[in-house]
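Chemist: Chains as they are written, first to last, in the working numbering: chain L, 822 to 1110; chain D, 1191 to 1507; chain R, 58 to 616.
Possibly wrong hints are sitting among the right ones.
Keeping only pairs whose Cα atoms sit at most 30 Å apart, straight-line, the calculated DSBU-like set for lysine-lysine is [said to hold, decoys possible]: (1) 492/R / 870/L; (2) 1317/D / 849/L; (3) 193/R / 311/R; (4) 448/R / 508/R.
Think of the hints as simulated: they come from the structure by calculation, not from any bench.
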Amino acid sequence: MMAQTKKRKKTNPFLDFLKRMTKAFSAKLGVGLFVLIVLFCVLGPLFSKYDVNGIDLMNMYAGPSKEHLLGCDSMGRDMLTRLMYGGRYSLLIGICASLFGALLGIVFGSIAGYAGGKVETFIMRVMDIWTALPGMMLCILVSNVLGTGFFPTVIALTIGSIPGTVRMIRGQILTERSKEYIEAARTINCSDFSIMFRHLLPNVVQPVIVTTTMGIGSTMMMAASLSFIGLGIQPPNPEWGAMLSDGRAYIRSYPHMIMVPGIAIALTVFAINLLGDGVRDALDPKLRS
Amino acid sequence: MSRYVIKRILMMIVILWCAGFVVFTLTYLTPGDPAMLQLGQEATAEVIAQRRAYLGIDQPYLVQLGRFMVNTFLRFDFGKSWVTNTNTMAELLLRLPRTLIIGLGSMIINVFIGTILGIIAGTHEGKWQDSLVMIIAMVFVSAPDFFVALLLILLFALKLGWLPPYGIETMAGYVLPIISASLGGVAINARQARSAMLEVIRADFVTTARAKGQNEKIVVRKHMLPNAMMPIITGVGGGLSMVVAGTPIIESVFSIPGVGNYLLSGVNQHDYPVIWACVIFFALFSSIAILLTDLCYAFLDPRIKAQYSAGKRKKVK
Amino acid sequence: MKNALVKRVIALASASIMAFSMIGCSATTGSSSSAPAAEAAPAAEAAAPAGEAAPAAEAAAPAAEGLLENGRWNKIIMAANQDPQDLDPDSVNAPVRYNMIYAIYETLFDMADDSSGELKPCIASGYEVVDGATWKVTLRDNVYDWEGNNITANDVAFCFDYIVSTGNAVRFDWYDSIEVVDDYTFLFHWKGEPPAIHDLEFPLSRTIIFSEKAWKDHGESFAKDAVGTGSYKVAEFTPGSKLILEANDDYWGKDILDELEPRHRQNVQTIEFDVVTEASTAVVGLETGKLDICDYVPLAMQEEFATGQYSDKFNVEITVAGDYFYLAPNCLKLDENLRKAIMYAIDNAAVAKAMGGSYVPLKTFGTSYYNDYDASLELDGTYLSDYDLDKAKEFLAASDYDGRELSILIGADEASKAAATMVQTMLLQIGVKSKIDAKTQDGVRTASTSKDGFDIYMNTVGGPNMVGSWHLLFDNEVNSGFTTSWVQDDQLQSLYKAASADATHDAAHMRECLDYVTDHAYFYVVAGTSSALVYPKTITSIGRREGYVTPNCSVYQGQ
């Protein structure tokens, strides 16, 4: 791990961070877009006059119109409404899974990095095994075991993202733990727990924050892939990947059924990636001036 | 160095054992009865019990696990598929070339186009070329590959009729899968190459070369590029480990009978020997790829190499 | 520094060589170790008397299409919506593969192609009933497989043992054992006196007969490398992609093709099945000339072939399959009024439409595909024909429904999910709440065979004829004393038995049974599958076996 973290005087770190974060246009765009999408999904359904699972036999497969801005699906359900509801699932799955993955990764990574010795070897060997199974495959197998639905999907996706974080945190801690301030904390008899969580962690989580932010996007995509092959969220609940999978059979006659959820996924991931880039630049000491 | 390699290989074997144990346990825990699934709704309970006995899934966990571990790792017998009665390893190897064509094809595109784009962006930092490349990269990395695949089918196969929408009869059938599998990678490689270039641009030896009045082209080609290669090798290594396992969904969208599709059919039909064989094969392939990448690294980077020749430092990743 | 640079570039080059040689290695080991498996296909080809097949193909080369000198059509490419996966003769119950597997293998008897349910001799030349539970079957003495092995009674016994020992003996309810008498005679011992011939369908006309010797010669698996007695041989087989069959010039039944069922004819030299799972891609295949026949074109897409721009090359025929999608209420949990409320609240036309382009609503328990179907069996004036919310609400008011959430058990396929979603919404219209419980097939089975596993259950059923399909619905032997909808009703059982026994199998008895079922709201029928068959104008008459389009017995221009 090359990135160094410098100790510096903090005035108000969060404000400072926000200021740096929104300096670049792309980051501004990312934040704006992401906030818009979240609002769209959270508040949008309140203004929709259609029921998310409301079937309308007269409008089966209907294309976009004044009544249904994004058209209707194979059961005449309003695509816009389903998109908004589905976004709640997609976003929530992406955020929860990346967050849980980061948390568990931090816990195991810091234990490994700080404890050293046999504990470290054990944890790292487990991670080796874990990464020997490619992420997507592990997700498919685990969600096959746990079944479909919201929580099983989140767990399956979380499991896939743990080893990366563990490795990163451990590497960071290895470089940090030999530094003077840790030495100093030790000499004044700080407990292991306190050293680990009050001194070490704050200095090593920055890269985790960056990868977690970026990870939300790829996790969302992974969740969509899972629903696309029939795992994940089950009907009639809309989820973007599941909607895409539904539309697949009608790709030729009614392409709007794949375009709408597909573009929604792409746009959200795009926003999250811009956001992640912004976070990285804002946190990167090399770019601070 | 050779001690390190041997140690890594031994570790790889242990990892494979553990991966085998994990995947067996996962399939064991998977709810549902493979015998029932295969025989359909007309089978009586008696027939199902008979089928379960034939497949050996009526025995306790430890017996099944023991049999699986012995067969797989001592006899190297991956067993026959429960559904098709074919040897899983033979079937896997038969399917492997198709997956390799897609995997390697998309990796080559990734590395070449991605690196070139990254270099263009890196050497023109802050100019329009940079922004354009980064925007393209961002868009590519944001679009789910299966969505891109569907769009490509819609455009090139259904509307224009230029390329086949499915199948592997001609090499043309591989064009769309390779493109859809490579977009994300192009973006990632471009970003990596760009930041590597940026790091090198700021390096002292480049400044020195410029100060000596070197031709700018020579500075880029002789001083910057070779030094920017390290992260690109990581990209190749990472990509290599994903070559085999990375494309099950792309394969299923284009109905390509590759390894990924084999795994998916194993999952769908509860054909556990297929899942076992695929997973162990993937694990083996990716471990070898990672090992080779690490060795390249060790060989290339004098700092790491020095650690091994000193022979005392544990490897730190 | 220059030195270091050169060194690095060299190192880089060697590193990439290493990386790529590894891929190369894995690729070469891949191909070398796959050799035994790969040998299988060439072996099958080699086994075909190359001397005859090859010249025929060469002769055909100048005239790319049309008739060959031997009177066979040159080549036909048919779309297959499911992968045959393997050619092993062990799965007796996989109808998707009928036109592929049964072109290379044969069975003792053929269930007649006209779906009359009649048994026609094939490998067996006939049978005689010794007593009710024992049949004496004689084999033809001139049946040979492609490798020249003669089929004897011992081979038959071997095949039956194989099916039973691998646990694949589905619907072998009456089969007990086989006793070999001499080379070409054996006895079937049934467990009792079979009530109707279609109860013996699987042992007699689904169990594939092959040579024990060929089986042992080929490593006890025909999965890739099949050896059968059929009129077609495997020329090439790529699981997941295609199966190519070549007419067998040494077919044992060549001289008696007229006596045998049409399915054994050899009207085409080469038949290629291309696996194309998506219907819309198959349509493109037809348009671009990659495919000749497709029997699963969605109804919504058939117009371009029927009247549109491709109508000069193709004919279209709308076909109805025998399988249909039914709904079973759990009669132990739902009272008669609630069941009727549910059934009147469902509009099966709308459900069929939501299920996709290939479903049509039905008014009886079966489709016009079956030979025992009769227009008098259409149940007009019942909940199958009437969608009546007022009636539904009346029945609901009279029922004991207390606002609980009913579970709708379905398989996890797209059509079932669509149907369940539709039913869920329709039930909500009369205020009945429900949740969808989508499971894999085995999960569905476990849940549907437990008394508490579902409130409403939907699935697909089919059979050799209409009453044959009722076995899974009305027969109380399905759940030891209960029907699929958890009914224990002696009256229903006797009506079903009467309708299905060979002696009283007629429209009147069938109607009586159906009326009883609808009077008590024991079952509901949602939809049958219908799709468009698109075939080239060069085919003058489409041949079928048991309803499945079969290229080798279709008739081609000039024949």
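Chemist: Hint by hint, note whether the structure agrees.
Modeler: Here is what the structure says about each hint:
no. : hint           : result
1   : 492/R / 870/L  : 23 Å, holds
2   : 1317/D / 849/L : 19 Å, holds
3   : 193/R / 311/R  : 26 Å, holds
4   : 448/R / 508/R  : 28 Å, holds
Checked against the numbered hints above, the structure breaks none of them.
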